Structures are given as structure tokens and as C-alpha cells.
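J.: Spelled out, the chains give:
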Amino acid sequence: NAGVTQTPKFRVLKTGQSMTLLCAQDMNHEYMYWYRQDPGMGLRLIHYSVGEGTTAKGEVPDGYNVSRLKKQNFLLGLESAAPSQTSVYFCASSLAGAGYSYTFGSGTRLTVV
Amino acid sequence: GNSVTQMEGPVTLSEEAFLTINCTYTATGYPSLFWYVQYPGEGLQLLLKATKADDKGSNKGFEATYRKETTSFHLEKGSVQVSDSAVYFCALRWYAGGTSYGKLTFGQGTILTVHP
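Chains as they are written, first to last, in the working numbering: chain R, 1 to 113; chain F, 1 to 116.
Check before you lean on any hint, since a few could be wrong.
Claimed, not checked - With a straight-line cut-off of 27 Å between C-alpha atoms, the simulated BS3-like cross-links for lysine-lysine are:
id, chain 1, residue 1, chain 2, residue 2
1, R, K14, R, K71
2, F, K77, F, K52
3, F, K52, F, K103
4, R, K57, R, K70
5, R, K9, R, K70
6, F, K103, R, K57
7, R, K71, F, K103
8, F, K68, F, K103
9, R, K70, F, K103
10, F, K103, R, K9
Claimed, not checked - DEER-style ranges, computed between Cβ atoms:
id, chain 1, residue 1, chain 2, residue 2, range
11, F, T113, R, A82, 30 to 38 Å
12, F, S79, R, K9, 29 to 37 Å
13, R, A56, F, A17, 42 to 50 Å
14, F, T20, R, G63, 21 to 29 Å
15, F, S79, R, T20, 44 to 52 Å
To be verified - One-sided excerpt, in silico: chain F residues whose CB lies under 8 Å from chain R:
id, residue
16, F18
17, L46
18, T51
By construction, these hints were calculated from the structure, which means they are not laboratory data.
From a predicted model like this one, the values you see are computed outputs, not experimental measurements.
C-beta: ideal position from N, C-alpha, C; glycine also.
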């Protein structure tokens, strides 16, 4: 049981380049999330999805887009990368209901130069 | 709105010392409470949880009790090891049903360093 898998694990982009981060989960979770983690800032929610074909904005959505075409996959896109998007990105998934925890991936470390 | 406040870090202890990391919360309704741990270079892992008042969550020697009267969920361990060095996050989740997705609200994290 792989849980939540993120690819790639590391990436260096030049300013203005685009890329897509892939998140895949094999737990049949309905909900999926993308977070960024910066030093001293904790975790901030970028976008989330409550089901296949649905997405919604989180706290810091500007500069990012997402898609959930299949229940098991949640893609995060950067159309024109900026140095401010240098961060560690985490994907997570969960079932509905307050008693269920989130399962996190191991992260993607992105550097924009 | 919902919020979680953790004690400020970093916390530095010697091996075998007693650990307490304070966590208090503000929430509408009756949330579930969680502690996550993040080891260097890794993602967050669930450490323990409690879903109702007076529940005690425990795992790997760590414990936390859901105290509704003091709105707290303090993390404790009787004897820490060097391998416990990590960042610890307290979090709550409240799900109202319907269109609510039950956002997980995190505290700011507490860095723990344990020296031999």
C-alpha cells in the first residue's frame, strides 16, 4: 500500500518556466489537498478537491492551478514560475468526517531561480 | 473561526528527559484533535489522535488527552530519545457535513531537538 506518492521529489526551474506536480493516492480517498511549507510559515493550503472533477481555492492559490480528472490523482500546475514559489510542496488525502486524519506525501522540493 | 496555538519552540532536551508540548485550540462544535510529526526531509505523519472529550491518544510512547474544559491537547512523553528530534504539529478537524470538507487546521509547529 503506497499511500500518497508525489513526483518529482526535487526540481529546479527557471523563472517563467512551467511545470506540473503529480500526486497519486491508492486509498480511495475522496478529498485531496495541496500545501506549501516555507520556513517559519508552517503549512499553507493552496488548493483542495472534495471529489473527482471538483477543485477549490485554499489560502494561497495565486499562481497555481489544479486538476482532479481522476479520483486517485491531483495535479498542481505552475504556469509561470516565480522565485516566491520556491518551497516544499506537500500533497495529502483524506476521507470525509472530522475523525479521519490526512495522509501526506513525502513532498516535492522546488527551487525557482 | 477555528485555530490552534502551540507552545513556541524550539525545544531542546537531553535524552531521557520528560517532554511536554502545549497545544490549545479554539473551535466551533466538537472537533477531532491530532498530533503530527515531521522528521527532517520527510512529510507529516500522524502520531496520534483523539476524537472526543477525555479520549487519550497514544503511540510510540507519546500521549495526549483531549481536554474539553481547558480546550487543550498537550503532547507528552516520559523519556525522549535522540530519534524523537523532529517538528511536531498539533491540528484540529471539524466537519459540519453537507458542503463542509472538514479542513485540518494546524498549529505553527514546534521544533524538538534531543541531545545524547
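J.: Keeping to a limit of 27 Å between CA atoms, is the pair of K70/R and K103/F held or broken?
T.: 21 Å, holds
J.: Return holds or violated for the Cβ distance of S79/F and T20/R against the range 44 to 52 Å.
T.: 45 Å, holds
J.: For a C-alpha distance cap of 27 Å, please report whether K103/F and K9/R respect it.
T.: 26 Å, holds
J.: Starting from K57/R, check that the Cα of K70/R is at most 27 Å away, please.
T.: 18 Å, holds
J.: Holds or violated: K68/F and K103/F, Cα atoms, limit 27 Å.
T.: 20 Å, holds
J.: Holds or violated: F18/F as interface residue toward chain R, Cβ cutoff 8 Å?
T.: Violated. Min distance 26 Å.
J.: Do the alpha carbons of K14/R and K71/R lie within 27 Å of each other, as the hint requires?
T.: 31 Å, violated
J.: Would the pair K103/F and K57/R pass a check requiring their Cα atoms to be no farther apart than 27 Å?
T.: 12 Å, holds
J.: Given the hint of 42 to 50 Å, check if A56/R and A17/F actually sit that far apart at their C-beta atoms.
T.: Holds: the Cβ-Cβ distance is about 44 Å, inside 42 to 50 Å.
J.: Regarding S79/F and K9/R, is the given constraint of 29 to 37 Å on their beta-carbon distance met?
T.: Given a distance of about 34 Å, which is inside 29 to 37 Å, the answer is holds.
J.: With a cut-off of 8 Å on the beta carbons, see whether L46/F makes it to chain R.
T.: 5 Å, holds
J.: Has the hinted range 21 to 29 Å been met by the Cβ atoms of T20/F and G63/R?
T.: 39 Å, violated
When the structure is compared with the earlier hints, violations turn up for hints 1, 14 and 16 and for no others.
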